[in-house]
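This is what each chain is made of:
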Amino acid sequence: MTHTTATHPTPTWEGIKTVKFAMWLFLASEIMFFTGLIVAYIALRYSTPNWPVVRDILNVPLVALNTFILIISSVTMVTAYDRVEHGDHKGFPNFLLATAVLGLIFLSIQAIEWTALMGEGVLPATSIFGATFFTLTGFHGLHVTGGVIWVLWATRKAFRGGYHHDHLGVELVGLYWHFVDLVWIILFTIIYLI
Amino acid sequence: MGGSLPQVSTFAGPIDSLYNVILIVTGVAFVLVEGILIVFLLRYRRRPGQKAAYVHGSRQIELAWTVGTGFMLFLLAIYQYRSWIDAKLNLPDESQAQVVRVSSNQFEWNAIYPGADRQLDTADDIKAPINVLHFPLDRPVVIHLESVDVLHSFFVPALRIKQDAVPGRPGRLWFQATQAGEYEVACAELCGLGHYRMRAFVTIEPQAEFETWLAEVAARQQ
Amino acid sequence: MHSAEGELSFWRKYVFSTDHKVIGKQFLFSSLFFFIVGGLLALLIRTQLAWPWEEIPVVGPLIYGEESGNILLPERYPALVTMHGTIMIFFFIIPILSGAFGNFLIPLMIGAKDMAFPRVNMISYWVMVPAFLVMVASFFVEGGTAAAGWTSYVPLSARPDMIPGSGLGQTLWIVSLLLVGTSSTMGAINYVTTIVTLRAKGMQMFRLPLTIWALFITAILVLLATPVLTSGLLLLLLDRTIGTHFFLPDGGGQVLLWQHLFWFYSHPAVYIMILPAMGMASDIISCFARKPLFGYRPMVFSIMGIAGLGFIVWGHHMFQSGMNPVLGITFMTSTMMIALPSAIKTFNWLATLWRGQLHLTAPMLNALAFVSTFVIGGLSGIYSAATPVDIFIHDTYWIVGHIHYVLFGGSLFGVFAAIQYWFPKMFGRTMSDRWGKVHFALTFVTFNCVFFPMFILGERGMPRRLADPYNYNFLASLQPLNQFMTVSAYALALSQIILFANFFVSLYRGRAAVANPWLANTLEWTTSSPPPLENFHTAPVVHRGPYEYSSPEVSEDWLPQDRVLGGAAAD
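Chains A, B and C supply the protein sequences, listed in that same order. Heads up: the first sequence begins at 1 in the numbering used here, then just goes up one per residue. Heads up: the second sequence begins at 1001 in the numbering used here, then just goes up one per residue. Heads up: the third sequence begins at 2001 in the numbering used here, then just goes up one per residue.
Read the hints as simulated data drawn from the structure, not as lab findings. Since the structure is predicted, the reported quantities are computational estimates derived from the model, not experimental observations. Cβ coordinates follow ideal geometry from the N, Cα and C atoms, glycine included. Some hints here could point you the wrong way.
FRET-style restraints, in silico, Cβ to Cβ [claimed, not checked]:
(1) Ala111/A to Leu2327/C: 22 to 30 Å
(2) Arg2509/C to Tyr1054/B: 50 to 58 Å
(3) Val2129/C to Thr35/A: 25 to 33 Å
SDA-like cross-link-like pairs, simulated, lysine to any residue; straight-line CA separation at most 25 Å [as the list claims (entries may be wrong)]:
(4) Lys2437/C to Ile1038/B
(5) Lys20/A to Lys2437/C
(6) Lys2013/C to Lys2437/C
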């Protein structure tokens, strides 16, 4: 490829990096995507006469723990970025790895929860509750999966010293990870708590 | 509006006159804008050796046409609230009105009338033949609009009424007919391959004739 | 500047190119192809409306085939309507405005070498290709293409047993649109980032040409609206595949939910389909009036106003949908408000002509046609916005006339203007202005003959999407008018042959273009025609706004954005 990046010699907009700006735009579109799903959920929930009592169906304590795990993963991600910013090139990959592992634990617990629910006959096709539950948590889970893959890729790069000169990549994966985390906190609140 | 269509409900007057008001307002706007465009095209054709005016705009002019147009649009918006509220929000008291359920499915309209108990969903409900609807003259009619399969839209051009029949979400609409006669119902929402022939007939007739007809239908139903 | 052009293989140069100019041309050619497809579908619709169920000589057997008796079957008519709308909107208007002109013009007009992410840009085109293929494939599957309208209202589109096209065809339709949405979103992120971060030195936001402003705001609309459509499409896909009931009332779903999600995207999409044309028409009108654009900032703020209000008017598509009528009042009021910025734009275009020196070239005539027909499109919208009148004209030919005056009269005349205006820059050759004028005159007349009568049909209450309106007594008398429209539509279609011939002949035989054939001010005209691989031989520095025509500072009647005047730059 002869010209993969077209960095202009004198960009007008100083101070903000092109890729980071684009990342924010991408997250804005992702927010609108989840807004669509969440609005559908709210509309359907309030038009369904006998919405099940969520505490009876869903394992709220287990998922609360899972939420906690995801929040901790955001903390490890922040620490990773903090370390790399302060030049701790040896230490920070471990925190990236921890983030990925916590993400995997989150997904595993979600898989356990899904299996249990399906065992009880709660399926996407059987009720509006099932449809919205699996769709919302499912699309979020896909985002976590994508995030885990990205974090693992970044971890590998980090262990090989890939962020010695430029740690923008860590910042980007961090932004995405916090976004996915934030979406989960909203989903947890509206699906499990309210 | 409506061309050759008669005005046979109380809505027809307000809706058609609102249409005419908008026709005048937009007509004036249209003639002005297109007229000015044509005049400018003729007047300001290129003349060799001349330069155009070096003008970037004018705050006063911008302000004038923004406020002027905004005011016109605001007036138009206010002006129509009344008719909309009358048509869709101020439904008459059902105990005083003729209640009819209009149920739609691919590709037919079914009218169901309450029997002597004046209640729908009871044993004495009267089901009219497919695609035949009768409504009394000079009396409010409240339609309970339903669909059993896909979206349809109950459109009676002469009555100036239209509303979608939404499966799973029964709706209400009302009208008061002012002129007896037979009028067509069209489906106005794409509903499948037979959409174009989802036609029914509405007969508007005086209360007495309407009751006679309803009794006949009820008798045949026994 | 490296002369990389020679080193690139054919594939790198023309197929998997990351050069925004090549990608723009890829979008241009594929969308023009779908313009032909969509246009031919329109002719089939018009033929049916003029002579319902009659066998079309010669063509009929080829299209409809022996097994259907060489005529259109009733179940195919909704499919025709659906595919005409879908193809024109998603494969023609949106890709040609944002894809072709957005790609080609953004880096050139802001003085950048390329997009911020050239490889993402390339992928955004190559995501469109499977979308094209999937949609085209749906013509050949059992049951045929989707047939629930371009709006794909549920439950018709959610239940395979409701209409023949609601089988595999509808699923392919959804998949194709998901791909289109992905492509659009990638493009939008790229455009916004490029415009924000890669402007040339001195190119302040308020020195951007309106074309760029329009494409910028359009990209923001795409960015925020498309994901909502994506979420709706995914829910619909789940309903159709794994048996959920989001939109199916018999399982507890909500029919109107689809309409809300769909129109939350598709109303802003209407502006996605017109704003870039408005921007391009503004640049073209200012150039050929040889006069600064009147009210540059009000024009920019109007675009912002249209975009902002565009997010809160979607319910005006649903006045008669059984939605709560109180919401109808809110949406009617916001819809009336959105007419204001459109009106301001029109007044400013007119004021730009005032005391100008009008050069009536083919691009200028098309841009003026844009203004004059957009006025009709806009004014006809006021009737639909007026909720009580909408009770009667909703879902009639009134709305068909309205959308065609906006999208054909507006966007398409804008596209015609833009093609002829930027053709020299794109291909280094010039299109024939004389044939351009012939095309313009024929198109303008036949266009109005096809689409103005639609308002008459609407005013008579003729519903849209009826395969055979004449079995209604109140519509039977409208057949001669429909026949006139259909004949006009044939003439309109034939007129486009002139454009295509002019385009392709000029591509190979056209007069070689100089760098700045129109004596225009914006940056793309400061580089050679066509521009080299990274656009500018030296990085441009901008000293002034894009519309300094007939400036008293110079003797000529144009003053390019990058020209240095006297000793000190007028910064």
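| Hint numbers contradicted by this structure | Of the numbered hints, 1, 2, 5 and 6 do not hold.
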